[in-house]
Amino acid sequence: MKRILCDNKNRYHLDTGKNPYTMLNLASLQPGESGIIHAIHSEQALYYRLAAMGFRIGKRIEVVRSARFAGPLHVRVGSTDIVLRRNEAHQIEIASEPA
Amino acid sequence: MKRIALLGMPNTGKSTFFNRITGASARVGNWPGVTIDLMGAKVLIGNEMVEIVDLPGIYDLHGFSDDEQVVRHFLENNAFDLALIILNSCQLDRQLSLALQLKQLQLPCVLLLNMADEAKRFGVSVDAPKMAQQLGMPVLMMSAKYGEGYKSAFDEIGRLLRHARPMQPERMREALASDVEIEHTMEQVLKDTVQIPPQLSDSLTTKLDRVMLHPWFGLPIFFGVMYLLFQAIFLLGTPLQSGVNWTLLAFKDAALIPLLAPAPAWLSGLLIDGIYNGVGTVAAFVPIIILFFLFMAIVEDTGYLSRAAFLMDALMARMGLDGRSFVMILMGFGCNVPALMGTRVMRSRALRLLTMLVIPLSLCSARLQVFIFITAALFSPKAAPLVLFSLYLVSFGSAFLTAILFKRRLVSREPFVLELPPYRFPTLRQMVLRGWHEVRHFLHRATKFIIAGVVLVWLLTHFPSGVAPGSSATWAGHIGALLAPVLDPVGINQQLAIALIFGFVAKEIVIGSLAVIYGMEGAALTHHMAASLDWVQAYSFMLFTLIYTPCLSTVATLKNESKSWRFVATSLAWSVGLAWVSSFAFYQIARALGY
Ligand SMILES: Nc1nc2c(ncn2[C@@H]2O[C@H](COP(=O)(O)OP(=O)(O)O)[C@@H](O)[C@H]2O)c(=O)[nH]1
Ligand SMILES: [Mg+2]
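Chains as they are written, first to last, in the working numbering: chain A, 504 to 602; chain B, 2 to 596.
Since the hints were made in silico from the structure, they are not lab data.
There's no promise every hint is true.
Unchecked claim - Residues on chain A that point at chain B, a partial pick, calculated with CB under 7 angstroms:
(1) E536
(2) I540
(3) I543
(4) Y551
(5) R552
(6) A555
(7) F572
(8) G581
(9) I585
Unchecked claim - Derived lysine to aspartate or glutamate pairs resembling EDC-like cross-links, with alpha carbons at most 20 angstroms apart:
(10) K208/B x E536/A
(11) K562/A x D193/B
(12) K562/A x E420/B
(13) K104/B x E175/B
(14) K562/A x E188/B
(15) K192/B x D128/B
(16) K208/B x E565/A
(17) K562/A x E184/B
(18) K3/B x E77/B
(19) K208/B x E420/B
(20) K560/B x D128/B
(21) K562/A x E536/A
(22) K104/B x D193/B
No residue lacks a Cβ here, since even glycine has one placed at the ideal position from N, Cα and C.
Based on the provided sequences and hints, a complete structural model is requested.
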């Protein structure tokens, strides 16, 4: 499994220098890349739905593929495959492991 | 009577278990949101009758969408003795949360870890006794689909039921109001009792998905598969249909006519030309309908529908809909009614209404019967499948047009998050159940609508007495004359107009009433129609039938689901208007081009 190394698009450093983790959001991961769920900034109903589908802080998430024409992402969290739109993916913050 | 409730996340096999334990035929599908209402059945457990209630899936006890509301309402208003919590063994890492939430409500419950067969295949192992100990409730592994472990689950349920004390609705209301927090316990139980391989992957599903969800070929493959399925249905169904037709005719000639010879002419006319011909013409389609639903059941069960939602979402988003709307349109190809009810999984009212506005335009199996019948009569065997295919394109086209025109009024920001289940294949048992279910459904409609419809048509076309049957002097003729100013410009003659009026009740009546109106059935009817109509008229009639309005049940469902007469009126006015305009445009252009 490929780890996220670097991506100049949506990334920012929490604490430059000290914190080795890099923050991205799920939508910026490429197919085949994976990371750790760091925060979920969704409204409540969606938050609970995502939690029930296995999106929990600290869990590994992998982007399996994305649909054409800016369509949804196919992701894998734990034992479950889930399809979600980029809009929702933007709300999920990912910590990539230190390069 | 004691009562058992089935609870669990969507798509974990609750309905499959329900069918196994009750012998019922609740609809099963590899797609969350198949069960959208409660369904109860009584069974003998031990030596007492017990009512078992199948419920829609719930993700948790926090948010409740419309389908989940059904569950909450049930829990808050009905006493029950035992809750069977059904979870997918392969997804315990997330589904266990629901069991813990339910446990905190202090329900009398049993945990059934379903899909033991898949767990074995994917290398997931569960220490059920240890989990039972930690959770403080019985835990059993089983496979509702293949039956493994079912016997011991059944015995355990019987044993528990003997000691169970009912959970009172008042207490349940209190319990549901309090928030539940279980994150920590869940981690602990999982760590102690479940072993999931680090790379849980179903290699078959992964391989299939690589093809089926291919970025460029995914959609063409999807439509190719659909096309092939329809071809297969006709290839297999048409000979069966002629067989039924032939048998019905032979029975009529050999038994019915001699038997009714002594009866007065009006009675034998009503019984033979009215009911027998009318219902028989419709009944001949039963084999095709069964085949249709068998194929539908297979597609639903494979999990391909969720893939279709993934593939189509980007396009549907541009029409104000989402991938699930597309799946509902596909389900509408079977019957619009369950498809409309399936929209309950959507939370946003705007999205639900927009989806409900387009579903009635999907070419359901009842309309398909009309089109098969007419295309077989008026087009060459080579052209007929293409004509049918073109009607499916019109169905999609009008649905998309409707969405595009109404999306500005019904704007939603509903999140789109959907599970992709692994590919599964239905067992023979599941397919037989589904086929049988459709036959029963048909018989139900036949007794309710079709007989009454054809009798009415017969009366309208044979009275007042003394006039030539089916002529313009009959009541039907008068009605036809009344509608002529509207229907003449679209090429729909008086006979067809009567069929259209009754088609409003149910589309099956359309062919039944054609048989009655023309006073013929089988091959004679098709020949006669071919002689009295040309293809432009026939196609215009089919366009109108496709678009104008589904059937009374659909209208009733639209009302029930939307709870708004205004919405129903909008939907009806729009579809009748669109039907007329499309038929008019087609008919006038075709005529202008000299056809
Ligand atoms: N492999 C396997 N599949 C199952 C089992 N039970 C149900 N299924 C399948 O899981 C899917 C969902 O079943 P259904 O009964 O509709 O689930 P519900 O949504 O909980 O009512 C269907 O495709 C079933 O055929 C099982 O024990 N093993
Ligand atoms: Mg179900």
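Next on the checklist: Under the constraints set out in the numbered hints, which ones does this structure not fulfil?
Outcome noted: 1, 2, 3, 20
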